[in-house]
Structures are given as structure tokens and as C-alpha cells.
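**Student:** Take a look at the letters that make up each chain.
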Amino acid sequence: MKTALFASAAVIALAAFGTTAAFAQSRDTIQIAGSSTVLPFASIVAEEFSAVFPEFNTPVVGSGGTGGGLKQFCEGVGDNTIDIANASRKIKDSELEACTAAGVTDVREIQFGFDGIVFASAAAGPDFALTPVQVYKAIAAKVPVDGVLVDNPYTKWSEIDASLPDQAISLAIPGTNHGTREVFQLEVIDAGAEEAGLPEGLSEEEHTAALTTFRQDVVIEISGDYTETLARLTSNPDTVGVFGLSFYDQNKDTLKVATVNGVVPSNDTVAAGEYPVSRPLFFYVKGQHIGVVPGIEEYVQFFLSEQISGAGGTLEAAGLIPQPEATTAEVLAAFEAK
Amino acid sequence: MTDTLSNTHSASLERTKLIRAGLRRRHMSEAIFRGLGLAAIILALGFVALLFTDVFRKGIPAFTQSNLHLAVTFDPTVIDVGPAPARADFTSEAEYNAASLKWQRDVALLNWNTIIEQSMRAAAPAGYEIDTRALLTIPETDARHRVRAMFVENPALLGQTVDVDVLASANATNWIKGNINRDLSDAQQQLSPQARTLIDTFEANGTVSNGFAWSIFTNVDSRAAPASAGLLGAFVGTLWMMLIVVILAVPIGVAAAVYLEEFAPKSRLTDFIEVNINNLAAVPSIVFGLLGAAAFINYMHLPISAPIVGGLVLTLMTLPTIIIATRGALLGVSPALRQAALGMGASKTQMVFHHVLPVTFPSILTATILGVAHALGETAPLLLIGMKAFVASVPTTPFDQATALPVQIYLWQGNENRNFFEPRTAAAIMVLLAVMILLNGVAIYLRSRLEKRA
Numbered sequence: 001m002k003t004a005l006f007a008s009a010a011v012i013a014l015a016a017f018g019t020t021a022a023f024a025q026s027r028d029t030i031q032i033a034g035s036s037t038v039l040p041f042a043s044i045v046a047e048e049f050s051a052v053f054p055e056f057n058t059p060v061v062g063s064g065g066t067g068g069g070l071k072q073f074c075e076g077v078g079d080n081t082i083d084i085a086n087a088s089r090k091i092k093d094s095e096l097e098a099c100t101a102a103g104v105t106d107v108r109e110i111q112f113g114f115d116g117i118v119f120a121s122a123a124a125g126p127d128f129a130l131t132p133v134q135v136y137k138a139i140a141a142k143v144p145v146d147g148v149l150v151d152n153p154y155t156k157w158s159e160i161d162a163s164l165p166d167q168a169i170s171l172a173i174p175g176t177n178h179g180t181r182e183v184f185q186l187e188v189i190d191a192g193a194e195e196a197g198l199p200e201g202l203s204e205e206e207h208t209a210a211l212t213t214f215r216q217d218v219v220i221e222i223s224g225d226y227t228e229t230l231a232r233l234t235s236n237p238d239t240v241g242v243f244g245l246s247f248y249d250q251n252k253d254t255l256k257v258a259t260v261n262g263v264v265p266s267n268d269t270v271a272a273g274e275y276p277v278s279r280p281l282f283f284y285v286k287g288q289h290i291g292v293v294p295g296i297e298e299y300v301q302f303f304l305s306e307q308i309s310g311a312g313g314t315l316e317a318a319g320l321i322p323q324p325e326a327t328t329a330e331v332l333a334a335f336e337a338k
Numbered sequence: 001m002t003d004t005l006s007n008t009h010s011a012s013l014e015r016t017k018l019i020r021a022g023l024r025r026r027h028m029s030e031a032i033f034r035g036l037g038l039a040a041i042i043l044a045l046g047f048v049a050l051l052f053t054d055v056f057r058k059g060i061p062a063f064t065q066s067n068l069h070l071a072v073t074f075d076p077t078v079i080d081v082g083p084a085p086a087r088a089d090f091t092s093e094a095e096y097n098a099a100s101l102k103w104q105r106d107v108a109l110l111n112w113n114t115i116i117e118q119s120m121r122a123a124a125p126a127g128y129e130i131d132t133r134a135l136l137t138i139p140e141t142d143a144r145h146r147v148r149a150m151f152v153e154n155p156a157l158l159g160q161t162v163d164v165d166v167l168a169s170a171n172a173t174n175w176i177k178g179n180i181n182r183d184l185s186d187a188q189q190q191l192s193p194q195a196r197t198l199i200d201t202f203e204a205n206g207t208v209s210n211g212f213a214w215s216i217f218t219n220v221d222s223r224a225a226p227a228s229a230g231l232l233g234a235f236v237g238t239l240w241m242m243l244i245v246v247i248l249a250v251p252i253g254v255a256a257a258v259y260l261e262e263f264a265p266k267s268r269l270t271d272f273i274e275v276n277i278n279n280l281a282a283v284p285s286i287v288f289g290l291l292g293a294a295a296f297i298n299y300m301h302l303p304i305s306a307p308i309v310g311g312l313v314l315t316l317m318t319l320p321t322i323i324i325a326t327r328g329a330l331l332g333v334s335p336a337l338r339q340a341a342l343g344m345g346a347s348k349t350q351m352v353f354h355h356v357l358p359v360t361f362p363s364i365l366t367a368t369i370l371g372v373a374h375a376l377g378e379t380a381p382l383l384l385i386g387m388k389a390f391v392a393s394v395p396t397t398p399f400d401q402a403t404a405l406p407v408q409i410y411l412w413q414g415n416e417n418r419n420f421f422e423p424r425t426a427a428a429i430m431v432l433l434a435v436m437i438l439l440n441g442v443a444i445y446l447r448s449r450l451e452k453r454a
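Chains A and B, in that order, are what the protein sequence lines are. Residue 63 in the numbering used here is what sits at position 63 of the first sequence, and the numbering runs on without skipping anything. Residue 97 in the numbering used here is what sits at position 97 of the second sequence, and the numbering runs on without skipping anything.
There could be a bad hint or two in this list.
[Said to hold, decoys possible] Computed, partial: chain B to chain A, Cβ under 7 Å:
1) Arg223
2) Ala336
3) Leu337
4) Gln401
For the record, the hints were derived by calculation from the structure and aren't laboratory data. Cβ coordinates follow ideal geometry from the N, Cα and C atoms, glycine included.
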């Protein structure tokens with residue numbers, strides 16, 4: 001019995017020690033989570049950062065999608081909450097409210113570059129030259145025909161437009177936890193619906209439903225990352241997938257990219273604003289953690305430096321589309337002014 | 001007489017026929033059952049073989065890596081930086097550290113890519129035309145960090161030329177190993193035609209060579225330099241977690257089992273506890289992950305992505321296994337042993353700790369090792385406590401951020417550079433399998449040894 005008593009006492013002591021040690025020890029590693037589009041860039045910066053600033057630990061970069069990251073970000077202030085949330089879209093008002101409610105009052109937005117969103121299909125398949133209205137007609141549950149909404153009649157791309165391949169419609173799009181989804185909705189579906197001309201006199205609810213209800217039999221929502229989308233394309237080569245431009249760039253041997261409105265997506269066409277489906281990339285910094293968790297300020301300055309996110313910098317080689325220097329200067333000034 | 005004889009004879013014939021027919025049916029059903037069993041085993045082995053050949057076929061090539069032998073010149077016109085601060089010039093340690101850090105940062109901000117570019121051009125055939133960007137796609141991006149680290153360690157290298165082995169980049173490795181189809185058009189290739197031709201030239205003149213990929217075992221994960229990505233960080237993270245599991249789960253599990261089996265009165269309450277322990281063993285692991293996130297991170301404020309939380313979650317998962325196995329072992333101890341001990345005047349505690357528990361040792365040990373092996377491969381609960389983050393450092397304490405081996409496999413499986421990371425993922429699976437087989441081997445060895453002794 002003595003042994004048992006001793007063992008249990010030791011266990012309790014150990015557990016108690018474990019928790020108190022955690023309470024006493026304040027975190028000295030920057031913790032980041034969020035968008036899987038931003039993840040590769042943030043990870044590269046984290047590694048370079050630790051090389052240049054040997055006095056700081058290498059920041060830890062998690063994923064979870066823009067929505068997931070911002071949710072974690074807005075959980076509160078303190079050691080067990082993250083310092084930076086990566087986002088492939090702007091923070092929503094509802095998310096900001098959640099942040100404020102949890103005490104995260106100093107949220108600093110950093111925009112650091114652009115990314116294109118592309119439609120890509122199996123390299124062996126036919127070419128696609130898409131327009132937003134065609135994509136809208138392919139996946140919307142109801143489409144306008146002669147001024148009335150009817151159930152979507154299309155089964156093949158060629159039925160929508162004769163110029164498209166004679167191939168069954170199947171589209172893998174990012175799930176709602178991804179920032180990419182929002183851009184897809186806004187720049188492709190909403191734009192396409194407007195061009196298709198929704199009937200007059202729809203109530204607001206009906207209007208939203210017409211834009212956001214997709215056919216579940218042809219649309220595959222991907223909640224994981226782009227490799228999951230790629231796996232869908234491999235298992236069903238008829239599928240067209242929505243990817244980030246940088247992901248496509250790394251997998252050109254298996255993927256074939258579609259033009260949108262006749263423009264081939266590339267770093268140049270996105271930077272010039274010719275390619276229509278692109279979005280700025282962000283990360284959000286918890287101002288209250290600056291000075292508490294060491295290195296946050298330096299990380300932000302380093303991220304925005306010419307050699308990292310500028311033209312010809314490290315991130316451009318990894319697929320980021322740099323933003324104009326003036327924008328970066330503004331962002332940095334706004335960050336430091338707070 | 002003859003009639004009766006022939007009658008009995010025909011009756012016995014009838015009977016034999018009947019038995020024969022029945023016998024044939026029984027033999028038949030036995031043959032069918034044996035056949036089915038054999039088929040099941042062959043099918044199972046077939047699946048395992050398929051899985052293993054697939055993993056090994058993909059993974060084995062990843063254990064070789066391509067290196068570039070470069071003659072690196074530490075060109076003073078590029079490395080334009082003051083001398084490294086010496087301790088003797090400063091009055092206090094803090095001042096010296098500050099100056100030293102500043103100097104290291106100045107060194108880091110130099111354009112080390114120019115040094116790499118110069119050495120690459122020196123290795124290329126004279127006058128070979130290739131632009132800087134294409135040229136720098138051949139060595140892995142960490143080459144400049146390696147060269148810089150050499151300089152920081154030994155500033156006397158300035159102006160000298162040293163032979164350095166750097167890794168070929170992930171895309172160059174794909175080209176060398178044929179992971180990417182060489183017949184694809186330029187538009188579908190990752191590397192420019194000039195870079196590809198140069199790699200082929202390097203291969204022919206011996207600048208590129210292949211060697212064992214020690215980096216898989218000695219490096220941490222990397223996204224900036226994918227070819228240098230290794231398992232060390234994940235391995236140490238897993239080690240910390242397993243340590244916590246063993247330290248916590250074994251004493252708690254064994255103590256709980258001994259109490260329930262030997263001391264607790266048989267009542268509704270203990271029955272209830274017993275049912276619940278059995279239920280806990282069947283709870284999906286992801287539920288433990290959710291519980292861990294809620295209890296350890298949100299309530300107890302333990303750090304996210306840390307092995308301490310992972311270890312605690314896996315402890316909860318392993319506990320029922322150890323309790324059930326220990327109880328089973330205790331039940332199996334012969335009552336004669338207990339009665340003999342009690343008969344000799346031993347107390348109940350003495351009986352349990354001096355006589356019963358030692359006999360069950362082999363079973364408890366096996367259960368522990370199998371429980372740990374199970375916990376080792378567990379991924380789902382770790383994803384929920386933030387352990388799927390990208391961590392580029394080795395955790396020195398269980399409170400540091402880390403990943404684990406199975407999570408690293410998950411992360412590599414999701415990497416954008418499919419051509420490079422598919423083989424590397426398979427290699428990581430092979431390492432995990434090796435660790436598991438090792439653990440199971442130890443379990444079998446220890447059990448047979450201890451059983452012989454007992």
C-alpha cells in the first residue's frame with residue numbers, strides 16, 4: 001500500500017507541478033494560425049525570421065482556414081490564445097465584434113500581397129476558357145431562363161456554351177471555412193449572376209438564396225487544403241477544381257489552368273489587375289500581445305521588408321504576388337502608429 | 001438365418017452409407033470453413049502487402065538526396081560587414097551579447113544569395129547562359145543559411161574558398177530522380193530549360209551526387225527549404241508525449257486496476273465504474289481531443305501545440321487499455337497463490353504487492369507497450385489541440401510547441417509540392433512503422449523473458 005500511496009502522491013505532485021509550471025511560464029514563441037493559402041508564406045517568413053533574429057524562437061504557424069484562425073484569434077487575450085491570424089480575406093464585422101466581446105480590442109490589419117484564384121483541371125483533359133457567368137450557370141441550384149428562375153438544367157459544360165468541352169459538370173470549390181470561398185462567391189458567382197440577370201422583384205432572402213444555393217450533385221465542397229482538391233481531380237478527372245495560383249504553379253505537371261474572361265492567370269496578369277479573380281492577403285496582429293510575446297513587432301516589420309514580401313523577394317519566389325511598395329509603406333505606418 | 005444375416009448386413013450397409021453421406025457432408029463443411037479461413041488470411045496479408053509495397057516503393061527513393069558540391073568563395077566585396085565583436089572589447093556580458101546579436105543580424109541581412117550564385121556560376125561550364133533566378137532554383141534555399149552559419153562560426157573564412165556540400169532544391173531533386181515526367185513541355189515543368197540542362201551537366205561532371213538523406217533524421221520540418229525538411233522536431237515531440245504517457249498512465253492505470261480488482265467492495269458503484277471504463281476504451285480518439293482542448297487548454301490554460309497537452313490527452317486514451325489489461329491479468333492469477341500468502345499470515349496489501357502483482361508484470365508491461373504504440377500512431381486528437389502547426393524547432397521541454405510523427409505525415413501529405421513530398425511522406429510513414437515495430441518487438445521480447453523467469 002505504501003508503494004501505491006507513494007505512486008499516487010507522486011502523480012498528483014507531478015500533475016500539480018505541470019499546471020503551475022504552465023501558469024508561471026509565459027509563452028516566448030509567436031503563435032500563428034489561419035488561412036491555408038497564407039500558411040506557406042507565413043511558414044517561410046517564420047524560418048527566415050529565426051535565421052535573422054537568433055534571439056527569438058521560430059514562430060509556430062498553424063492552419064485551420066481563415067475563419068478557423070480568426071475564431072481562435074478572437075477567443076481572448078493571454079498565453080493560450082494565438083498572436084497572429086492569417087487571413088485570405090478581410091476580417092468580418094461579426095468577427096471583430098466577437099473579438100471585442102472577448103477583450104481583443106487592438107486588432108491590427110496587415111495586408112502583404114496578392115494571390116490569384118484559378119480554375120484548374122487534369123492536365124490530360126481538354127482546355128477550359130471560362131467566364132464567371134458560365135461557372136454560375138454550372139453550379140447554381142436555380143438559374144434564370146427567360147426571366148424566371150428554373151431548376152438548373154445543365155449536365156454538361158458544352159450545354160452552357162458550345163465553346164466549352166463536352167464534359168460532365170463537376171466543380172470542387174473550397175468550403176465555407178476558407179477565405180478563398182468568399183472571393184469565389186464575390187468575384188465569380190455574384191458577378192456571374194449579375195451578368196446572367198436574376199429576375200426582378202426577388203425579395204432579399206430569395207436573392208441571397210439564388211446566389212448561394214449550389215447543386216450538391218455537381219459541387220464538391222472541400223474543407224481541407226488544396227491537396228484534397230487535387231485528390232478529387234485525380235479520382236475523377238472530369239472535375240474542375242478551384243485552387244490558389246501558387247498551388248497551381250507548384251503542380252503544373254498535373255494541372256491545366258483555365259482562362260477567365262480570356263486572361264491566363266499568372267503573377268503578371270494578377271498584379272496588373274487583368275485577371276479578375278484575385279484577392280489581397282492579410283494577417284491580423286493582436287496589439288495587446290506586442291511586448292508580451294517577444295518578437296511580434298520585429299516579425300511584422302521583417303514580413304513587410306523588401307527582401308521578404310517585396311518584388312524579387314523570398315515570397316515572390318514562393319508564389320506571392322507582391323503589392324506596390326507604397327501600399328506596404330502605408331500598412332507598416334498604420335501598424336506602427338497604433 | 002441367411003435372411004436375418006443378410007438383413008442385418010443390409011441394415012449395417014444402410015447405416016454405413018448414411019454415415020458415409022453424413023461424413024462427406026461434414027468433411028465438406030470442414031473443408032469449406034478451412035478454405036474460407038485461409039482465404040481471409042490471404043486477403044488480409046494481400047492488403048498489408050499491397051500497402052507496404054506501395055509505401056516502400058514510394059518511400060525508399062526519398063532516403064537518398066541529391067547534393068551539390070560547390071567551391072564557395074567568401075567574397076569580401078559581398079560580405080561587407082565589420083569584424084565580429086570580441087568578448088575582450090566589452091565590459092559586461094550583456095553588452096557583448098547585444099553587440100554580438102547585432103553583428104549576427106547584420107551578417108544575416110547581407111545578400112548571401114550572391115555568394116551562392118557566384119559559386120554556382122563557378123561550377124557551371126564557362127560562359128553558360130542562365131539568369132540569376134533560374135540558377136538559384138537549383139540549390140535549396142537553405143544553402144545561403146548554411147554558408148552564413150559557417151561564416152558566423154568562423155569569420156576568418158572571409159576571402160577564402162571552401163568546398164561546401166549543399167542540398168539540391170526540391171524541384172531539382174524531382175528532376176534528377178525522375179519524380180516529374182521529363183517529357184513534359186517547358187510550360188508544365190517547374191524548372192527552366194537552362195536550369196534543367198545545367199543540372200544534367202552537373203550530374204555528368206560530378207557536381208551533383210546522391211547520398212543517404214541524413215537530413216530526414218537530423219533536420220526539423222521546413223517549408224522555406226523543402227528538400228531539407230526532416231523529422232527530428234516531430235520525433236522529439238512524440239518522445240515527450242510518450243514519456244508523459246508512460247509516467248502518468250502506468251502508475252494511475254495499475255493502481256486503479258489493483259484497487260478495483262483486489263480491494264473495492266463489489267457494489268453497484270464499482271459495477272458502474274467497470275462498465276464505464278470499458279466504454280471509455282471504445283470512445284473514439286477524436287472525442288479525447290475535444291476534451292483535451294476544452295479541459296487542458298481553455299480551462300487549465302496549458303499552452304497550445306505543446307506535447308504536455310498531447311501527452312495528457314493520450315494518457316486519458318491509454319488509461320482504460322492499461323486498466324482493463326491489468327485487471328485481466330490479476331483475474332488470471334491462481335487463487336492458490338493468494339490463499340497461500342494469506343495462509344502464511346500476509347496482509348492483503350502484502351499479498352497483492354509481494355505475490356500477485358509480480359506475477360502479472362509481463363502482462364502489464366505488454367499492455368503498456370501496446371498502449372503506447374497505439375498512442376504513438378494517434379493523430380486525430382492532436383489535430384484538435386493545435387499540434388498540426390508548422391513548427392521549425394526542436395522542443396526542449398514538453399511545454400514548447402511541437403508536432404508529432406503521425407501529424408508530420410499528415411502535414412507533409414498536404415504540402416503543395418506533391419512531386420517532392422509524396423515520396424517524403426512515404427519515407428515518414430516508414431520511419432513511424434519502424435518505431436512501432438521496434439516497440440512491439442520490445443514488448444514481445446520482454447514478455448517472453450519475464451515469463452520464463454516467472
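**Student:** Determine for every hint whether it applies to the structure shown.
**Tutor:** Hints versus structure:
no.: 1; hint: Arg223; verdict: holds (4 Å)
no.: 2; hint: Ala336; verdict: violated (23 Å)
no.: 3; hint: Leu337; verdict: violated (19 Å)
no.: 4; hint: Gln401; verdict: holds (4 Å)
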